[in-house]
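Letter by letter, the chains look like this.
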Amino acid sequence: MSRIEEVSIGDAASRSAAADETKPDRMALNVGPSHPTTHGVLRLIMELDGDVITKCDPVIGYLHRGDEKIAENMTYNQFVTFTDRLDYISPLANNVAYALAVESLADIEIPERCQAIRALVCELARLSSHMLGLGVYAMDAGAWTPFFYAFTEREKLYTLFEELTGARFTTSYTRIGGVVRDVPDGWLGRVSKFCDDLPNTLRDFDKLLTRNRIFLERTEGIGVISREDALAYGLTGPNLRASGVDFDLRKDRPYCGYEKYDFEVPIGTTGDCYDRYLVRMEEVRQSVHIVRQIVDSFPDGLWYSEEAKKIFPPPKDKILTSMEELIQNFMIVTEGPQMPEGEVYFEAENPKGALGFFLVSKGGGVPYRLKIRAPSFCNLSILEKMLPGHMLTDVTVILGSLDFVMGECDR
Amino acid sequence: MAKTKVMERKPLSWAERTYLPQIITGLLTTFRNLFRPKVTLQYPDERPRIPNDYRGVPTLVKDPNEREKCVSCQLCEFVCPPKAIRITPGAISTEETDRTHVEKAPKEFEINMLRCIYCGYCEEVCPEEAIFLQDIYSLNGYTREQMQFNKEKLYELGGVLPDQHFKWDKKRAAAEKIGLGSSSDEETEEE
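Those protein sequence lines, which keep their order, are chains Z and B.
Throughout the first sequence, residue numbering follows the numbering used here, covering 1 to 411 in sequence.
Throughout the second sequence, residue numbering follows the numbering used here, covering 1 to 191 in sequence.
Simulated from the structure, these hints should not be mistaken for laboratory data.
Note that the coordinates shown come from a computational prediction; the quantities given were computed from them, not determined experimentally.
Among the hints, a few may not be true.
Simulated coverage check for chain B against chain Z, where a stretch passes if three residues somewhere in it have a Cβ under 8 Å from a Cβ of chain Z [stated by the list, open to error]:
#1 9-17
#2 47-53
#3 88-95
#4 116-127
#5 162-172
Just a few of them, taken from the derived set where beta-carbon distance is under 10 Å, the chain B residues facing chain Z [unchecked claim]:
#6 T30
#7 N33
#8 L133
Derived CB-CB ranges, DEER-like [said to hold, decoys possible]:
#9 Z:K318 / B:G90: 26 to 36 Å
#10 Z:E324 / B:R36: 54 to 64 Å
#11 Z:R292 / B:L41: 20 to 30 Å
#12 Z:K371 / B:P82: 14 to 24 Å
#13 Z:G61 / B:A175: 23 to 33 Å
#14 Z:D182 / B:P89: 33 to 43 Å
#15 B:E176 / Z:S297: 48 to 58 Å
#16 B:Q146 / Z:K371: 35 to 45 Å
The beta-carbon is built from N, C-alpha and C at its ideal position, and this holds for glycine as well.
From just these sequences and the hints, can you work out the full model?
Pasting the structure below:
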């Protein structure tokens, strides 16, 4: 069993110094920061012995924007737009996780309809993220066709998001205490139609990849993460479950009414790249199952919390006609939603893993400190340990199977 | 404990190891897509359908009587996360005799479209329904200056939208009823 101490921690200077000490028979190879396999701006400094990797230094931070510091200078609601840009493959899930974190600080009771909307958009975001993750993973392994099928499905999802939130990509859908707007008429019907169509695409996926010898030979036994390593490096999400740990926050610490829905948590047996593929495929099926259940039992009611007077702005027609609500709107916008003093840490099961927000509040409408625990950041930390011993060509497949997003990793 | 499903895998059969079934199913799958409806859009010729509440380019709108709705409260300027809006408040022009009871109007209203992220917060907070994100999704310009939209440009893009409330007309009617109509006129002139 490996110990936590084995995780090497170093700053950029010591990393580059280590890279300089390359032995004469070894070759230093730099991949990224701008390279198709790195899915963003990840840079890998590798030491090669022939075709075999002996050392790997991931360099991150090329997409750092200082989101945590930015959060300290704006109200809770304004920061929702910045959560879109964390894991930009599933902005809706980030919006929901952030709103839930702030709400758990204020202890607001969220109506059932709002919870159902949030769980629904979370699952749709998971579908969108996994479809992209699987598509580009297959493409990295050399199979181009599934990518196009995945993107066709994602386009349908984006059309649904566009109708619901007004934007395809940067949704900014949640507010503290609720969501921006109710679901449009007939939208739920279109969601269930999408759920009917998606299994066909998954079948195509299955046919092209699951029993494909070339794909199996590229993924089976490659990039094995043992159960102990996965836990020691703090992996979460499908990458952890592929290593055989049945940790899913939707089951273990349910939020948004996930305890009401019936679904299974897929786990892998060996923790190799193929297991990560299988787990994601099964998660897509389970998500479709959850979406169906939510649509079938969609509750009535309000899409925002009525009790949270100092947190969620009053309805628009009230603002336009009544003085009291007008003042209340001005107060909430200029001073921010009023939060009590305190600290809170909240994690939600995002498509990439557990996205956590640690909030310190000194009261008022602006956070004193906001720490974001990005799943991609933790998932990438294992590269240093995992890559040595693999061939250079396996890097592409391993990176594809980890399914990370640099926007979230560097935040 | 969570209800789990272990992803078992079977070793490849002899036939699967020859890769022949894969070639056949692969070709069949892709061949079938030849006859499925097209999913792509020939973009500049075909345009996507824009849903009702789409968040496109922010614009300023006028009410059905062609009057300016913005009262320059600067709430949108305040809430704008990327700080793209800049407003200089000013007085109502003296030519507009029916709006003398409104205290302010924007002298300048600029949105930097290079900064704007189309989040829709300005529309959401506006207490006058004066700023709307409409259905323009493709903006372009040759210079940075061209992307700084001033008040005239924003009104030109916004046009006229129906008004549900006619808030200021109601206010004036209420003020006249209790005989305060003239006093508010004087206040505005003093400014």
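For each hint, the structure was consulted:
1. 9-17: holds (count 4)
2. 47-53: holds (count 3)
3. 88-95: violated (count 0)
4. 116-127: Three-residue rule met by the region 116-127 of chain B, so holds; n is 8.
5. 162-172: Per the Cβ count (3), the hint holds.
6. T30: 6 Å, holds
7. N33: Constraint on N33 (chain B) satisfied, holds at 8 Å.
8. L133: 7 Å, holds
9. Z:K318 / B:G90: 26 to 36 Å: 29 Å, holds
10. Z:E324 / B:R36: 54 to 64 Å: Since the Cβ atoms of E324 (chain Z) and R36 (chain B) sit about 56 Å apart, the hinted range of 54 to 64 Å holds.
11. Z:R292 / B:L41: 20 to 30 Å: Holds, since R292 (chain Z) and L41 (chain B) (Cβ atoms, about 29 Å apart) stay within the stated range.
12. Z:K371 / B:P82: 14 to 24 Å: Holds - the Cβ-Cβ distance for K371 (chain Z) and P82 (chain B), about 23 Å, lies within 14 to 24 Å.
13. Z:G61 / B:A175: 23 to 33 Å: 60 Å, violated
14. Z:D182 / B:P89: 33 to 43 Å: 34 Å, holds
15. B:E176 / Z:S297: 48 to 58 Å: 54 Å, holds
16. B:Q146 / Z:K371: 35 to 45 Å: Holds: the Cβ-Cβ distance is about 41 Å, inside 35 to 45 Å.
When each numbered hint is compared with the structure, violations occur for hints 3 and 13.
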